[in-house]
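S.K.: In the order they appear, the protein sequences are chains R and W.
Count the first sequence with numbering that gives the first Met the number 0 and you get residues 0 to 313, in order.
Count the second sequence with numbering that gives the first Met the number 0 and you get residues 0 to 534, in order.
Treat each hint with caution, since some may be false.
[Unchecked claim] 20 Å max Cα-Cα, derived SDA-like pairs, lysine to any residue:
#, chain 1, residue 1, chain 2, residue 2
1, R, LYS138, W, PHE60
2, R, LYS138, W, GLN62
3, R, LYS138, W, ILE59
4, W, LYS170, W, GLN63
5, R, LYS138, W, LYS170
6, R, LYS138, W, PHE139
7, R, LYS138, W, ARG55
[As the list claims (entries may be wrong)] Label-pair ranges, simulated between beta-carbon atoms:
#, chain 1, residue 1, chain 2, residue 2, range
8, W, ARG277, R, GLU300, 56 to 62 Å
9, W, GLY278, R, ALA273, 29 to 35 Å
10, R, LEU143, W, GLU47, 48 to 54 Å
11, R, THR245, W, THR276, 46 to 52 Å
12, W, GLN93, R, ARG208, 52 to 58 Å
13, R, MET0, W, GLU260, 50 to 56 Å
14, W, GLN63, R, THR211, 24 to 30 Å
15, R, ARG208, W, GLN63, 35 to 41 Å
16, R, GLY282, W, ARG35, 45 to 51 Å
17, R, GLN286, W, PRO308, 53 to 59 Å
Derived from the structure by calculation, the hints contain no laboratory data.
C-beta: ideal position from N, C-alpha, C; glycine also.
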Amino acid sequence: MLARIAHELYWLGRNLARAEFTARAVEAVFQAELQGTSETTPGISFGSGGLLAMFGDVNEDPTRPRNGQALGQLTLDAERPGSMLASIERAREGARTVRDVISAEMWEAINTTALGLRGGGQPGWAAPAGPSLASQYVKERTALIWGVANRSMLRDEAKCFLDAGGLIEISDMVLRMLRVALPAGDATPADGHALILLQAVGGFHAYLRAVTAPPNARPVARFLLFERAYPDSVAACVDSLHEVFTTADAGPRNSKPVLRVSRLAADLDFQRRALPDGAELTGICEQTQQELARIDQDVTERYFAGAATAGMRR
Amino acid sequence: MVSSGVKTPQVDDYRPQAPFLDELFELDGTPRPTARALVEELRRLGPEGLIEAGRRRDAIFMQQGITFETSGGGGPTHERPFPLDLVPRVLSGQEWRDIKRGLAQRIRALNHFVDDVYHAREIVREGLVPWRLVASCPQFARAVHGIRPPGGVYTHVAGCDLVRHSDGTWKVIEDNVRIPSGISYVLENRAAMARLVPELFASYRVRPVDHYPQLLLSALRSVAPSAESEATVVVWTPGPANPAYFEHAFLARQMGVELVEASDLVVRDDVLYMRTTRGLERAHAVYRRLDDDFVDPLEFRSDSLLGVPGLVRAYRAGSVAIANAFGTGVADDKAIYCFVPDMIRFYLGEEPILENVKTYLLSDPEVLEHVLERLDQLVVKPTGESGGRGVMIGPHADEVEIQKMRRVISTHPERWIAQDVVRLSTVPTVGPDAVLQPRHVDLRPFAVFGERIDIVPGGLTRVALEEGSLIVNSSRGGGSKDTWVLEDGDDADRAGPPIADTQPPALPDLRYGEWTGQQQQQQQQQTQRGRGSAG
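With these hints in hand, go ahead and build the complete structure from the sequences.
M.R.: Dropping the structure here:
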């Protein structure tokens, strides 16, 4: 398929996944910050400051805006590249350029989402009471979009690149979150209550079914990194990435991104077995994230090389 | 009156009803110090805001299936959204600490009492509690005599009903150490409030409640007899037809454990198993949500179809922990209630922190006579019932009802108790057209007893939605409120700084810019390629 199209689909997947992640995380953090801290269990601290830091935006100003405003930047502020609205708008722009590849139904689903989120030009329509309404809307709509894609798209290269974008975005977001919430060293309690991290990715229920330990920082980080049965864990995403690249690549045996992904998958599997339960995972998060950045680079070079400027394909 | 802000009728016209104590407002209509910011936010929200939030609340509760079945006087039952009132109740950190200490003390004493009743019966020998009362209690379970569960804990989950008198003191009106319900509403109410009216939280730090399922799970694990592996905990429900089924499913889901029914359980050689797709698997701890009467047809009611034959034997053999233990009902009997202050002095050697409501045991002929004369000023309750059934409130009853009650009590005085009428405190409650009106409330905090006693901040505030009514039971038209326990500055239990105030350290290599979007990546590629072609 055209490199340009593949590139657009890849970024469509990324933008959709980011909008969804942001919606869940904003809602979880908003709810947690409304309330005080727990009496009995000191929790790890992941709040709006942490969420903004994930997007590379650390506010050093001591007179920071309160919770609502900080999260508002991630909800319907079109100027902030990290906001749900901006992600959805980018997704819509991307979908517009690949309207011939995706089905009419899929385009419509994406377009409606963007139009709905804009709220007919009335800023703040979805925020009479915090970000809940907008978050809920984005969660429902992205679920619908992925549902339409999974039910109606041919399992070809196009679907592979769409999925690949979503997968790499989710794993990157999870890794960012873990690194911000659980920095190395003594900055946070070694093993505090980490319910918020699960709520931020919508994995609370899955965690409870899969793990018997209480949702403290270490087991939660392990779960989000290594649990293959949980689709948004880093390991599961990397496995699926391997699958989609193998399908999409013309020569997977000597393809750089495929090899890199398969090495990362094996490495994660090894770490899962080798590391004792209480081990610190900060280092692995960092390495994995850097490796994903390299994969992203490889993907760009191998598949999208012709996308930017015509006639310069390798 | 507060001068700032636009006047809207709902907050400024609110008048508490003397002689009742209103928890948010002074008698003259000025907000109490802890409520000032809340009242300000309510004023800003205005009647339209409240009506709109109420609409969204009903929609959310219907969607999530948090509903309540009511029957319109014998007609078909119909579902309505759980009645959560949007004005929260606010308790200061200091008030809460006293309540918490008082409850922990009381629950410890009740637990001692259960242990004593089924073992040495020292309190009876001391002459403090008449044996006749204990033995005649319908919940007294001979089948569990002499059994001591792990850790000596019987009352793993307890919910005492508290009321606030017009002089501001908190009193215990009832103990619940069998299967107190309502905790799921505490958690759902908080989640709903945070979604619907986050503005109200703006100036407060409210203690979270959502760790309850984890507290319960670790308490259950701590008492489970499991040597080698992690204990398997299950929640046992009578089935989907039970009115509290929502709560059973909620707790099982929140704890990540199986929700079982009797047909899923089987006892082999005094060990409890559950039937799974991989054969029988052992269950070490059971949080049961059905009455003693039904749990084991071999030991309790033989006609029970909801029970597991042999369960009591397994329990006796110590192979399974049951929460709450069988036979705990003896401690929350309404006749035994009068003796709880004595239990606290006897077992713990302490003075009770929380008082009882003045209660009359009618088995004493002199007391009976005295009570029969003033039936119109007292509340009478049947000892064996729960959920507000059979209660008569003297001042609200007419002459015919009182006459009828007089006859009933005279025939079986031992089945009834009488209590002074408590002047339940009020909290402003949203009425029709978003008008705030004073309504009576009580409070049921939930305690979990495992290795120690943990009490979730606040609890279920039930509110009588009808004007002047003192009956708060949800089965009889009561609603509920979110209960806020505030963090105060010098709080020793506080675990850490508020989440919103913590600033994470910046990570050097996390720069969102690299990932911002494809444009940048494309630019980067172009530069790289430019370099490549130049070299």
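S.K.: Against which earlier hints does the structure fall short, listed by number upward?
M.R.: 4, 5, 6, 8, 10, 11, 12 and 15
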